[in-house]
Amino acid sequence: MTEFALAWKAMTASWAVPAAFFGVFWGIIGGALPGISPSIAMALLLPFTYSLDPITAVVLLASVYVGAEYGGSIPAILIRTPGTNSAAATVLDGFEMHRRGRGGEALGISLVSGLVGGLFGLALLALLTEPLARVALAFTPPAYFGLGILGLSVIASLTGRTLVKGLIAGVLGFMVATIGTDPVSGVSRFTFGSPDLLGGIRPILIMVGLFAVSELMAQVIEPPWAHADQRTARLKLPDWATWKRMFKPHAIGCVIGSIEGVTPGAGGTIAAFLSYNEARRWSKHPEEFGHGSIEGIAAPECANNVVTGTALVPLLGLGIPGSNSAAVLLGGFLIHGLTPGPMLFERSPEVVYGLYAGLFVANIAMLLLGLVILTPCLWLVNCPKPYLMAFILALIVYAMRGFGLPFLPMVLGVVLGFLVESNYRRSLVLSGGDHAIFVQDPIALGMLVCAAAMIAVSVSRELRASRRKTGEAAP
Amino acid sequence: MTYRTRRLIGGIALGIAVIVLGATPGATQGKYPHATVTLVTHSSPGGGSDVFLRTLARYLGPRMGDNFVVSNVRGGSGASAVAKVAQAPADGSTFYATTPTYIQTTLLSKPEFGYDSLMPVVVVFLDPEVIYTRAQSPHKSLAEAVDFARRNPAKARWGAANPASLERIALERMSRMTGARVPVVSHEGGGDLMINVLNGTLDIGIGEVQEIRGQIDSGQIRLLAVLTDKRLPDFPDLPTAKEQDVNLVVTKFRGLAGPKNLPPAVLAAWEEAIQSVLADPAYKKEYAHESLVPVFMPHDQAAAFTDGFVKEVTTSLRDLGVIK
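Just so you know, the sequences run in chain order A and B. The opening residue of the first sequence carries number 1 in our numbering; numbering runs sequentially from there. The opening residue of the second sequence carries number 1 in our numbering; numbering runs sequentially from there.
Hints are supplied without guarantee of correctness; some may be wrong.
[Claimed, not checked] Derived coverage of chain B by chain A (criterion: at least 3 residues anywhere in the stretch with Cβ under 8 Å from a Cβ of chain A; other residues may be distant): (1) 121-130; (2) 161-169; (3) 192-200.
Source of the hints: derived by calculation from the structure; they are not laboratory data. Since we're looking at a predicted model, the values are computed, not measured. Yeah, the Cβ is synthetic: ideal placement off N, Cα and C, and Gly gets one too.
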């Protein structure tokens, strides 16, 4: 019970509660603005935490993360542009729902799914940090390679009959991911001498180009259906029947989000895509996916909010920041002379339990703010910044539309390209060039087998479907 | 914060976050020609150089009678910050917090404004690098780890945080120097590297003390050697690499540089102020906690030091095949 007492004391004796509310508010705005990632939204507030007491400071930063992971879904649903990388999967069905005039419902589903995920992730963080930290340690470079391949295997089931086009788009994404500093040797690749390209091209720029700008260009020549549904952008919380349908995708999102959050480097994006795919596989209505499915929003939005809790596991359990956002939070700890890691529980338990309590408040704040904040967010996402790179990419992308190339494989290629490439090569450095390392590592082997199974299942399903179709068409 | 993380965050959009520090403008001594001095860093808020500048400014403010503004100019792996300072007036109003990064970025990507567009003012600290292993490892010293690598060339694995980092250069040199010929695996930052040391994928890792303080405190890792000339005061039992017959010293520095042609009076004011700040007992306590080694170098020495450093890194990067 002392933990609860400490948490209560931390909440009441500091400014943590207002900080949680403000942090979530700030996070939702940052998350909703494409280009401001959760970690950037946190980093922008970091200088202001110097003068705060440690508990308020870390609660503020962690709350920004919670808000941003939710906020990213708002533009994903409303303008087909994920505000954060991990909201990219939400575009698939969220925007379709909006297009069909059910935008408010989609926003409600994403809000409650985020709440469910956030609270589940927090519960795991508070109860199981130590055993979960061991999961993080089990991931070696070959295992990360396997994880990346598993993520990419989603392409097979996402694109279905147009598998070849999906693969082409995926390769395009991979090519973009090779821009920047070579992960093993440090040589600059395809940077043409520009120091701005040394860090690579950020996935969010690709997404803005892929989804938003190409959408604008497409609207110029397409029937203006988008005008009709402005009025639907009011929040509608799910009813009981919807809740019942969301149970399964929430369960899937919670499990996948937990595993991905705990393993450093994997993060919310991969969790969201894998959850989307699994939700479709286990759904009673897989045909609705891609056409405005409730489950297609619930699963990824739940998963990326689970990550807001579980991504802190390696930070608190091992002292290792597992994601960019956790790295900024680490900065927040260090500023106040606190070193995250197992010793923090002994030296400053009030900060740890204060952080847990603050995260709880933040999740509640997310629900409350989500209910009232939509109108200003709508206004904000309607004034996007001009991105030169996004525009250039949009021209390519417009051509992609013309050829019917799907976008999501390209996003996956960009997001996972670096993870797959760097860990593939790192593994080979470790093994001295021997590919057997990928089957010797049990986790890597498991991931690769799963990926192979996923590809095989979806390819055979599509083959059967197309055979049936030609069979029907023949007589 | 890891290198890659900093780069990612710095990609765009963060722009400039400016914070006026709580220096006391009233305590003017009237010596310095500017009331407000901008200290520019490529590091994001909370990153290594950012913390260095903010802490330094807190002690410099009352001494120099100035307001210090820390400006985080992100982007281009440090090139944007260097460009900003290089184009600022050379009157002592703008300075840049130097680390090996600005030299490496210049060598790797040849931006318009590089280290040679700036004038080194002072070098303040060295960041000591240590070699460590996990607590369960059989290696009790660097000598043992090197010996193991020599006897088991197929088994030993060493790791450094980033591909073109000083740390990787150091391990590659150690590998050649000792004849161990161990593959050096590079990562995407310190966190990644730490995981692979803790789970036993790597025999040894290399990093700054302050970066791995959490794991040192909780007993997850064992320090094997420090890569400095002398032992560190806060780790008196930790032998240097030299003592273990590995002649490797890594000098990761922190200092200040300004636009070219700074007036001698400005240089002298900074030389004096930095010396007096370093002697301040309260500041001493803070930097000792971060395991920073004070090495005050005035302008002349700092310039010579920078030249020497550039030569060394150029040779090493060439040996690694990273640059031509």
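Structure-based check of each hint:
Under the rule that three or more residues need a Cβ within less than 8 Å of chain A, the assignment of the region 121-130 of chain B is violated, with 0 such residues. Chain A is given as covering the region 161-169 of chain B, and this holds because 5 residues of the stretch bring a CB closer than 8 Å to a CB of that chain, at least three being needed. Coverage of a stretch by a chain is defined here by at least three residues with a beta carbon nearer than 8 Å to that chain's beta carbons; for the region 192-200 of chain B and chain A the count is 6, and the condition holds.
The structure shown violates just one earlier hint, number 1.
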